[in-house]
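Residues per chain, in single letters:
Protein chains: 4
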Amino acid sequence: MASNLLCKLKRSVSAASLRSYLAEFISTFLFVFAAVGSAISARMAMSGPGAPAPDATSSAGASAASDAASLVATAVAQAFGLFGAVLIAADVSGGHANPAVTFAFAIGGHIGVPTAVFYWASQMLASVFACLVLHYISAGQAVPTTRINVHMTGFGAAIIEAFLTFMLVYTVHVAGDLRAAAGGKRGFAATALGALAVGMVAGALVLSAGPMTGASMNPARSFGPAVVSGDYKNQAVYWAGPMIGAAVAALAHQILVGPPDAVAAAAQSSSRHGNVETVVV
Amino acid sequence: MASNLLCKLKRSVSAASLRSYLAEFISTFLFVFAAVGSAISARMAMSGPGAPAPDATSSAGASAASDAASLVATAVAQAFGLFGAVLIAADVSGGHANPAVTFAFAIGGHIGVPTAVFYWASQMLASVFACLVLHYISAGQAVPTTRINVHMTGFGAAIIEAFLTFMLVYTVHVAGDLRAAAGGKRGFAATALGALAVGMVAGALVLSAGPMTGASMNPARSFGPAVVSGDYKNQAVYWAGPMIGAAVAALAHQILVGPPDAVAAAAQSSSRHGNVETVVV
Amino acid sequence: MASNLLCKLKRSVSAASLRSYLAEFISTFLFVFAAVGSAISARMAMSGPGAPAPDATSSAGASAASDAASLVATAVAQAFGLFGAVLIAADVSGGHANPAVTFAFAIGGHIGVPTAVFYWASQMLASVFACLVLHYISAGQAVPTTRINVHMTGFGAAIIEAFLTFMLVYTVHVAGDLRAAAGGKRGFAATALGALAVGMVAGALVLSAGPMTGASMNPARSFGPAVVSGDYKNQAVYWAGPMIGAAVAALAHQILVGPPDAVAAAAQSSSRHGNVETVVV
Amino acid sequence: MASNLLCKLKRSVSAASLRSYLAEFISTFLFVFAAVGSAISARMAMSGPGAPAPDATSSAGASAASDAASLVATAVAQAFGLFGAVLIAADVSGGHANPAVTFAFAIGGHIGVPTAVFYWASQMLASVFACLVLHYISAGQAVPTTRINVHMTGFGAAIIEAFLTFMLVYTVHVAGDLRAAAGGKRGFAATALGALAVGMVAGALVLSAGPMTGASMNPARSFGPAVVSGDYKNQAVYWAGPMIGAAVAALAHQILVGPPDAVAAAAQSSSRHGNVETVVV
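Residue numbers (this note's numbering), protein chains in the order written: chain G, 4 to 284; chain D, 4 to 284; chain U, 4 to 284; chain E, 4 to 284.
Fair warning: there could be bad hints in the mix.
Derived DEER-like restraints, expressed as beta-carbon distance ranges [unchecked claim]:
1) I258(E) with Y139(D): 22 to 28 Å
2) Y235(D) with F158(U): 56 to 62 Å
3) K236(E) with Q257(U): 41 to 47 Å
Here are some chain U residues the structure puts well away from chain D; computed CB gaps all over 10 Å [claimed, not checked]:
4) L128
5) V230
6) A255
Honestly, the hints are just simulated from the structure, not real lab data.
These figures come from a predicted structure and were not determined experimentally.
Note that beta-carbon positions come from the ideal geometry of N, C-alpha and C, so glycine has one too.
Work out the full structure, taking the sequences as your base and the hints as a guide.
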């Protein structure tokens, strides 16, 4: 048992695996930079280029989406950014860019638990690094955290996040599954269109629930701003909600389209998670 | 005759069919959540995060799109959301997410009438459930219904909805037909691009006529908010208009590209409506 | 000579050709409805749902894009709408939806002159019909015409329209040429992506020059609103500019990628202009 | 050594190469027209169609994105415009439209240094020409330059530009590499989706950092407005930042997905840089 775990752990630090973690780092960096950067930029645009830099402590609580145009700005940034983030890492690490997605694939047996833990670490480090870059270099702007609307309870917010993440991760599964099903061979077009669907569904959901909970759907996206701003309030909501939604999505997808048969699963693991195939349990 | 109907009815409750209904449920839930949620969120964004929650009764009449930025927000949410909704159910149920689309396919003989009725039930239940989730969990926000501009008559609104739905459902037919025509084999790329076209045409039409009638083009999208808000005004408009437009679109498509020949029809029914092929009349 | 023309004319009224004209009608209707409808809707959204209907004569001069959010609304509507318009007619008529595009294909010899004239008639009728539907049914809203900025001359506006149309029609040629070049066989994915590129380039150009000239790039798009509003001012600008730009684009494309060889040309005419292949000169 | 350089130089002026330079010119013209034109148009839209033309000297310093809706307008224009720009030149010149991209491909050995220099010249000439067209024809509007937020240092801006360009050029490499990897044969769908990803990532990054540095990521995009407005301030930032970011992206891509093997490289050079294959070093 212990040697089995050790064996898995060993595989998790191969050269191919290290490339996967680096790909997840770049991918998550791009997504979090787009999500958090667009919230900062929309705020800067509204206050004008000549306005004084907002005080890092007092305005940290300002909503990232304080009017409809800012909501569109951050939703489009997340849609386009997640499209790119999923695509650029798709053939190296699977293009998760989201601990909840990694969790769903771990539950489904597509990725080993030790590898998933390293994925999570990469994703969270990338998120913190993206927020640090945005904070220290961009004139000391406060990094906006994902926040729950004042009229909403933490429990309600977690349920919304679970519903949102369910829809996002279900889309991720359809995109991945159909790709693998197409003769076991996946072209760039299918990968790109799957990534586009994931990005655009995320954008639609940010537009739907952004002013309610921030529409995080991604623990890493909430973790970085919390670390950099030092405001860890409601982190439990942004971890529990997405994880539950992702797990239910993985289950629902298996019920609706059936479990992947051996051939498709093999094709998927060798094509989707190219460099990490040896670490799949 | 009665036994024939009973036989069809029996096929409509097979395991494959139940999966189709569940897929329509998830698909319609995603679309209605995006459409109605974005209208609520745009309103919340405009009034600011610290504003009091609007009273559920008095503001039910507020327009979902009260300025151009809110119009863009809800149109983009519907474009991206419908893209995802059509895509995630495409290989299980055909990805209708709209009773008017189901009606058009029933007229064209692509789907049996009993199955169509179950599709409708799934779609309407999903819409009501999406609106309930948005209402009870999101700080008791009023659920905005699709509304007719005060300067417009119900008859005029029904005609606009018919025109809008004609364009949407014609696009649905082109997307479906071309897919099947490509050698009887449909890849993920064609499915995704067809879904993208359907979503983006819907977005363009919401931008064109949103402030006139709400640009519903989808009885389920209007039904859920009506049930949850208790305001059934103009429901007839949102059922008659889209149904007529969808029927004319099915007819126009047959005239323009000719009736599907036997091979293409068989390929379509077996590929597009994968799990429901046994229930096609 | 006369009999040759008669022969060509005869081919132009075959059943296949009539289908092409009907396809161009639907396609242009969708695009003009999106372009003009979004301008009306953005104006309605800005003035609020309860505001009095603007007087049809006095506000006809109001700009269709009176702030940045309205500009985004109409640009996105045109991008998404043109994507759909080109796609739904692509396999029947080639999906022009624009007299300038038809002109460029006539210059390049891809379509006969008599057929081109019927295409133009369909496109202009569709534009007028779309504007009539928008005007008479939508509470008597004034139909906004494409207008030249007060600081600009008609000559300058024609040059801008020529530059804009050059870029749009060059994109149309690349999309069409690459499709045909792919083994002489064009799948739905290539058609859809070509249409997407055409739509999105149009959207980018509306964002670039909308407040300058309206960024028409399409005589039909300017003709319908002029007829319905009775304001034919600057029609010469919206015909001369796009036609010149389209002609230069056809020429530039031939220089850059070489004239289509016989095989590719045959493949293109039989696949792109499916129903009109017998009328190609 | 000298004769070697002369030989390379000679190849750089072949007919195929001249076509490449012309393709880069058109491609960069389209992108810069969209980027700069949308900034001018958003400003015109905000001030209304009847407002006096802004004085060319005093308002040159006005931010191109003075509110969230303008930020969305210019980001979407760049996303859609870059998609088109990359696509229309992809099969002739590779579709760079950006000196930093050309630099990255020169570092990677995909394009010879003399050819790269001609690419740069084409790109910069195109940018200046696009800005001249926008300036002289559009009622003498001031051409907005990319500007650094007043709270930011030039060094910080260069670092942001480097990060932004890293993400953009990494995406360019993934799009190009995966295309070539698909059996050595690249279809229109893969080219178009790669171009779409590049455009959308650019759009996301403009939304993320537009109000900080203008999110140029492209020395040509900053060079044209500087020449036309006569304001060369911070040009060093807009050259150094992107070049460093592009170089690191080329390196990171080689580390993550390995160096292209001989077969893929040959396939890439013959398919991606069709007309310039003879000038590759």
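Task: Contradicted hints - numbers only - done: Of the numbered hints, just 1 does not hold.
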